[in-house]
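*Asks:* Keeping their order, the protein sequence lines are chains A and B.
According to our numbering, the first sequence is numbered sequentially starting from 1.
According to our numbering, the second sequence is numbered sequentially starting from 1.
Check each hint, because a few of them may be wrong.
Stated by the list, open to error - Residues from chain A shown here face chain B by an in silico Cβ test under 8 Å; the list is partial: (1) F42; (2) A44; (3) K69; (4) T70; (5) N97; (6) A242; (7) A379.
Said to hold, decoys possible - Taking lysine-lysine and the DSS-like style, the derived pairs with C-alpha atoms no more than 30 Å apart in a straight line are: (8) K50/B - K69/A; (9) K200/B - K129/A; (10) K350/A - K39/A; (11) K211/B - K200/B; (12) K312/A - K50/B; (13) K6/B - K106/B.
What the hints contain is simulated information worked out from the structure, not anything from laboratory work.
All residues carry an ideal CB built from backbone N, CA and C; glycine is no exception.
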Amino acid sequence: MFHRLRTLTAGLAASTMLTSAVFAGELVINTDTSDPAPKAAFEALIAGFEAENPDVTVTWNLFDHEGYKTSIRNFLTADAPDVANWYAGNRMLPYVNAGLFEDVTDVWDENGLRESLASAEGSMTIDGKIWGVPYTYYQWGVYYRKDIFEANNISVPTNWEEFLAAGETLKAAGVTPITIGTKYLWTAGGVFDYLNLRTNGYEFHMALGRGEIPWTDDRVRATMANWNQLLEAGFFVENHAAYSWQEALAPMVQGDAAMYIMGNFAVAPLREAGLTDDQLGFFQFPEINPDVAMAEEAPTDTLHIPTNASNKEDARRFLAYLARADVQTQINETLGQLPINGASTVGDDKFLQAGYEMLSATDGGIAQFFDRDFPAEMAKSGMEGFQEFMVKPERLDAILDRLERVRLRVYQ
Amino acid sequence: MRAYWKKNQQSLAPWIFLAPGIFMFTVYVVIPIFQSMSISLYAWDGLGAKEYVGLSNYVELMDDEAFYTSLNNNVIWLVLYLLAIPAGLFAALFLNQTVRGIRLYKSLFFFPFVISQVVVGLVFSWFYDPNNGLLNIFLGAFGLDPIAVLANEDLVTYGIIAAGLWPQTAYCMILYLTGLNAVDPEQIEAARLDNAKGLKMLWYVVLPQLKPATFIAMVVTVIGALRSFDLIAIMTDGGPYGSSRVLAFYMYEQAFSEYGFRMGYGAAIAVVLFLIMMIYITAFLYKMYRDERGL
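Based on the provided sequences and hints, a complete structural model is requested.
*Replies:* This is how it looks when you write it as structure tokens:
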């Protein structure tokens with residue numbers, strides 16, 4: 001019995017030593033793509049890569065979408081994977097500054113990505129170097145109930161007056177114009193982004209994000225004044241601070257609200273809830289200031305190589321594979337989003353086509369979204385301020401003063 | 001060596017038994033407390049290098065309105081959470097009967113404590129839902145307008161405390177049920193002979209015998225109120241616009257959350273929370289010490 005115990009412990013020790021060794025040709029990928037469509041897209045992506053590269057076995061660790069945002073800080077330092085997904089712009093800045101992401105400018109140069117992924121090069125560049133490979137982006141805009149608009153003889157608004165008039169007609173018909181759920185704050189950031197981009201333009205918005213403009217500036221007040229017009233006209237659903245964006249879909253599905261300022265990822269759940277393509281439509285957020293070029297929001301999802309990765313060679317091969325036109329076409333078909341690669345084809349879905357046309361024609365600039373264009377702390381305070389403003393517009397001065405104080409501390 | 005051991009076995013043995021516990025406690029509780037205090041003197045994003053800033057985190061805390069909101073909410077939590085103790089007492093008194101199936105009812109009353117706080121938070125979120133929640137259907141039956149409890153900056157903390165009282169009452173109830181089992185029947189008999197009934201019996205005879213149970217219930221409730229995190233994170237995520245924050249949640253937001261990269265600042269908030277708790281911990285330890293000494 002004692003003899004058996006000794007062999008048992010010896011066996012255990014040997015097997016633990018084996019598992020801690022990293023085999024060459026093994027690629028570890030961590031992602032947060034836990035929703036059904038992104039999960040399927042990554043399954044196909046990894047299967048395709050393994051088929052073309054039989055010498056590499058991929059271990060895929062799938063994290064829950066929200067939990068990933070805290071886990072990433074741990075696993076980038078301790079036990080780093082070879083590839084991890086994250087977001088472009090200011091979202092990747094803390095990790096780039098801490099030296100946790102690998103500089104992949106060489107992958108871009110060797111594979112001609114500066115030409116094929118040109119539209120996203122700016123958002124991937126910090127300090128003149130490129131830190132990851134983008135694989136998808138999606139448009140933001142106004143998703144609306146076509147049937148409700150038609151029933152009330154409302155045509156798609158193209159400017160601010162038409163937008164306000166459309167809202168009035170909807171209210172008279174007992175429909176709340178815009179549904180929104182601000183419990184998790186970022187949805188209010190989307191509304192601010194569009195109002196600011198339309199009132200003051202892309203350059204101003206980016207300068208505000210860089211901390212170059214005080215929040216008490218008159219131009220910011222102009223944006224908030226436009227927002228106030230919507231609030232006074234009762235455009236938004238009541239009690240939005242108690243709802244997440246998914247819960248805010250319900251009024252639109254039930255016909256109690258007619259518009260949703262959202263990203264294209266809202267289409268899948270709306271379709272699942274039963275809305276057909278005849279009932280659901282998309283239009284570009286209307287123009288407010290005719291002197292300002294129309295800019296759009298198109299957040300970009302990316303893949304990176306952690307600096308502490310063990311198998312960077314195969315990781316680079318994976319990124320090069322990811323950047324290919326055919327691969328990006330395939331991923332984005334499953335995701336229902338738009339490929340970055342200029343040579344990829346866009347899916348046949350009417351919303352994707354509308355988004356693609358809109359974004360290709362955008363000459364005003366493409367923003368990444370409030371919490372990616374603004375540094376983390378500024379973004380948090382900003383979005384909280386917007387939620388408070390939406391519920392208590394009379395507190396505007398106090399809110400802007402507070403945001404200004406945060407700006408002075410955060411941007412040093 | 002053996003002689004030394006034989007001579008001092010009585011006084012050494014307890015220390016040897018306690019050694020593993022003391023070791024674990026020191027490594028996992030005491031040292032991290034001092035580490036947190038040290039981190040609060042730095043500005044650190046959790047990823048890169050630390051920068052020594054002295055007490056500037058605390059100075060900034062003094063000017064932070066979110067900090068004062070959190071402090072205020074913590075005080076409200078502390079005071080209102082104590083309602084779980086009398087509520088638990090009355091539930092225990094009610095269930096302390098030998099009716100058929102009373103064990104089933106006791107289990108059902110205890111159930112809220114067993115389920116995860118996250119589940120409690122979710123269920124109460126649905127309860128408070130402005131459109132479909134039970135609360136508003138109930139109010140509607142009386143002809144009142146629906147109240148969005150979790151979206152109203154004045155009511156939200158009370159709404160969350162109500163949700164928290166549900167499991168906490170169950171816990172206090174169990175403590176009291178055990179305490180009631182230990183109540184001396186002879187004293188009850190004697191009191192009955194003296195014509196004591198109902199409330200008088202409760203106050204003068206039963207309650208003094210429940211003192212240990214009350215003491216434990218108080219300790220657990222106070223610490224639970226100061227630690228409350230799950231319910232706020234699930235029900236409102238600190239909202240609306242930060243009005244339901246408490247210190248534990250604010251610390252998490254600043255140090256660990258999606259937009260929080262300020263470890264030093266979060267540690268400063270944690271130290272403040274620790275100092276508040278120390279007041280109670282010291283008071284309780286002192287009381288326990290006096291009880292042990294038989295004073």
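*Asks:* Flag every earlier hint the structure violates by its number, smallest first.
*Replies:* 1, 2, 9 and 13
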